[in-house]
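Given only the sequences and the hints, what does the whole structure look like? Please build it.
Take a look at the letters that make up each chain.
Protein chains: 2
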Amino acid sequence: MIQTILLKQRPTGRPKISDFEFITEESDLTLKKDEMLLETVYVSVDPYLRGRMSDAKSYVDPFKINKPIYSGSIAKVIASKHNKFNEGDYVSGMLDWKTKQISNGNGLIKVDATKAPLSAYLGVLGMTGLTAYLGLTEIGQPKTGETLVVSGAAGAVGSIVGQIGKILGLNVIGIAGTDEKVNMITSEFGFDHGINYNSSTNMNAAIKKVATSGVDIYFDNVGGPISDAVLFNINKFARMIICGAISVYNNTELPQSVSVQPFLIKNSALMQGFIISNFSEKFPEAINQLATWLADGKLTYTETIVEGFENIPKAFIDLFDGKNKGKMIVRI
Amino acid sequence: MIQTILLKQRPTGRPKISDFEFITEESDLTLKKDEMLLETVYVSVDPYLRGRMSDAKSYVDPFKINKPIYSGSIAKVIASKHNKFNEGDYVSGMLDWKTKQISNGNGLIKVDATKAPLSAYLGVLGMTGLTAYLGLTEIGQPKTGETLVVSGAAGAVGSIVGQIGKILGLNVIGIAGTDEKVNMITSEFGFDHGINYNSSTNMNAAIKKVATSGVDIYFDNVGGPISDAVLFNINKFARMIICGAISVYNNTELPQSVSVQPFLIKNSALMQGFIISNFSEKFPEAINQLATWLADGKLTYTETIVEGFENIPKAFIDLFDGKNKGKMIVRI
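If you read the sequences in order, they're chains D and U.
Here the first sequence stands for residues 1 to 332, numbered as in this note's numbering.
Here the second sequence stands for residues 1 to 332, numbered as in this note's numbering.
Please note: incorrect hints may appear among the correct ones.
Copies of the same chain look alike in the list, so a pair counts if it fits in one copy or across any two.
Unchecked claim - Quick list of in silico lysine to aspartate or glutamate cross-link-like pairs, DMTMM-like style, CA-CA up to 20 angstroms:
1) Lys-64 / Glu-35
2) Lys-266 / Asp-61
3) Lys-236 / Asp-55
4) Lys-67 / Glu-188
5) Lys-208 / Asp-55
6) Lys-166 / Asp-321
7) Lys-8 / Glu-87
8) Lys-100 / Asp-89
9) Lys-209 / Glu-253
10) Lys-236 / Glu-138
11) Lys-325 / Glu-307
12) Lys-64 / Asp-28
13) Lys-76 / Asp-28
14) Lys-16 / Asp-321
15) Lys-266 / Glu-253
16) Lys-16 / Asp-318
17) Lys-266 / Asp-55
18) Lys-266 / Glu-138
19) Lys-208 / Glu-285
20) Lys-115 / Asp-318
21) Lys-236 / Glu-281
22) Lys-236 / Asp-61
23) Lys-208 / Glu-25
24) Lys-84 / Glu-39
Worth flagging that the hints you see were computed from the coordinates, not collected in a lab.
Set out below in structure tokens:
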């Protein structure tokens, strides 16, 4: 019996459990040549999935109604007729939200459970780490001594961005939503400063207070009013990496904010949307760098691991309440 | 007797004649070594000057209260003790709004009245042409066959941007505020399509109708709702050159608009503020290219020439009502 999670309907605003449908079915698991049977081990839930659940017309690669949702996952090969994957291997890639599935191996890579915990391949050594590293270096173009602000700083991407910022010699300021998270990013991840946006009545002033030389790079995971406040503090030639907008993903009205154009003109500043898939030719070099830093103890990471296939939708929804610290992962 | 125009007070909202002060004074016009006496011939009035009239804290190089305003100007050398400039020469550069002034030549270049009309050195062969050319090529990175949208298309910069777009093989759409201007950009300047934003009830749809393959490059001179409408039509990897925001320069409240971040993420798109002074190392090559196109008849330009030193403030204010076609220049 295989369990599968389908997108039942496109969410309106904040996703609800009832937007998802669980089905259990008998499936033919007979393998053809160059196929293998996978058993899902870890499933990554990420804010960007919210976009793909939206109106098919407005998003690239939207999920289809009544079809399985898919996201970054780790699976174990439990039977194989594939010449590159053997029984007992672990693989990483985009997989359907299913307990078991047949794959032809396209888009999957083998991961080595002896070199790093399997879940790390969804995080610091996976899309999360690549997003942090390539977003910061390719668009951010960091120079030693510059000031970096990271929003969603206690999240999966943000917590790695800040650490890489420190490795590269930046002054790093993180913005998060609880004192506990702010404490974590400064004490565990080495950020220079943390700001709790829920207890700051004037974010513009709160940023100015710690970014005493202004903001050169902004790694934006959230959008909305926090990003507006950063704009007031940018320096000439600032670079803003627009990586996520979790604060507005659930909006049913088109979000409004401060007009960015006058700030961009005044500061000859740049804002660029970042999607990791555009940088695939840089992946091997980037993974190598991240693995080196991880092995050297320069990079650490936090995960929030939720147990049970049946809890995937809830874990995803909890992202929008900031219930995760670091990468949110479901163990099957 | 020398006449001078001072900034009397920082304008609130739309500038008023009473924000300016005219003074007439006896000045010592005795030249020292390496000085020359200039008589102003043409003064350029441009939307960006509005920014410099604002709060000193919020703008780079703001004008000072009770000091002369200055802008791009052409002057005749009427006496000289400078070894590089002779009586009878014409010069171009940033000059005070004065009928006569003494200069040491810093930042001024000689212009040749026999090669092009003097006023062209404020326009197509001056900062205006450089802004159009370098903004479009350096940030826009145009590729033959792409679609370019230009706002403020009948203005000084916009009308040149569109023509360069055509020279470079782009599909060019201009947005302007009257049918007369729309007619001018298509019939005189060779734009493929024109849209009158004052008669279009749905700008998003109006752009979509003519940008049938979407928008690859947006040269933004206006900001505000017109720029919001363009966002809905951008293609993946779109480049937006944020050159001006005339629609919001006079706002007394911080302007709000559609949040750009989700559009940038979805399209891996770029927005960058453009200020010509950051590209000065490219000026010689750019001027050369513009002069060649002008001589070859590939580039034409329109000016609105207002007569009289006393009309400089009015000509400037009239920019915000779109009373100019092409470059707005005051002849002294």
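How the hints compare with the structure:
1. Lys-64 / Glu-35: neither (24 angstroms within a copy, 74 angstroms between copies)
2. Lys-266 / Asp-61: between (36 angstroms within a copy, 10 angstroms between copies)
3. Lys-236 / Asp-55: between (37 angstroms within a copy, 18 angstroms between copies)
4. Lys-67 / Glu-188: neither (40 angstroms within a copy, 54 angstroms between copies)
5. Lys-208 / Asp-55: Answer is between; shortest inter-copy Cα gap is 19 angstroms, intra-copy 38 angstroms.
6. Lys-166 / Asp-321: So Lys-166 and Asp-321 fail the 20 angstroms test inside a copy (28 angstroms) and across (50 angstroms) alike.
7. Lys-8 / Glu-87: neither (33 angstroms within a copy, 82 angstroms between copies)
8. Lys-100 / Asp-89: Cα proximity of Lys-100 and Asp-89: one copy only (15 angstroms, versus 83 angstroms across).
9. Lys-209 / Glu-253: Neither. Shortest intra-copy (33 angstroms) and inter-copy (24 angstroms) distances fail the 20 angstroms Cα cut-off.
10. Lys-236 / Glu-138: Answer is both; intra-copy 19 angstroms and inter-copy 18 angstroms each pass.
11. Lys-325 / Glu-307: within (15 angstroms within a copy, 67 angstroms between copies)
12. Lys-64 / Asp-28: neither (23 angstroms within a copy, 80 angstroms between copies)
13. Lys-76 / Asp-28: Only inside one copy: Lys-76 and Asp-28 sit 18 angstroms apart there, 89 angstroms across copies, limit 20 angstroms.
14. Lys-16 / Asp-321: within (13 angstroms within a copy, 50 angstroms between copies)
15. Lys-266 / Glu-253: Only across copies: Lys-266 and Glu-253 sit 17 angstroms apart there, 29 angstroms inside one copy, limit 20 angstroms.
16. Lys-16 / Asp-318: Only inside one copy: Lys-16 and Asp-318 sit 10 angstroms apart there, 54 angstroms across copies, limit 20 angstroms.
17. Lys-266 / Asp-55: Close across copies (13 angstroms), not inside one copy (36 angstroms); limit 20 angstroms.
18. Lys-266 / Glu-138: between (23 angstroms within a copy, 18 angstroms between copies)
19. Lys-208 / Glu-285: neither (35 angstroms within a copy, 40 angstroms between copies)
20. Lys-115 / Asp-318: So Lys-115 and Asp-318 fail the 20 angstroms test inside a copy (30 angstroms) and across (69 angstroms) alike.
21. Lys-236 / Glu-281: between (30 angstroms within a copy, 18 angstroms between copies)
22. Lys-236 / Asp-61: This pair counts as between: shortest inter-copy Cα distance 13 angstroms, intra-copy 36 angstroms.
23. Lys-208 / Glu-25: neither (56 angstroms within a copy, 45 angstroms between copies)
24. Lys-84 / Glu-39: Result: close within a single copy only, 17 angstroms intra versus 81 angstroms inter.
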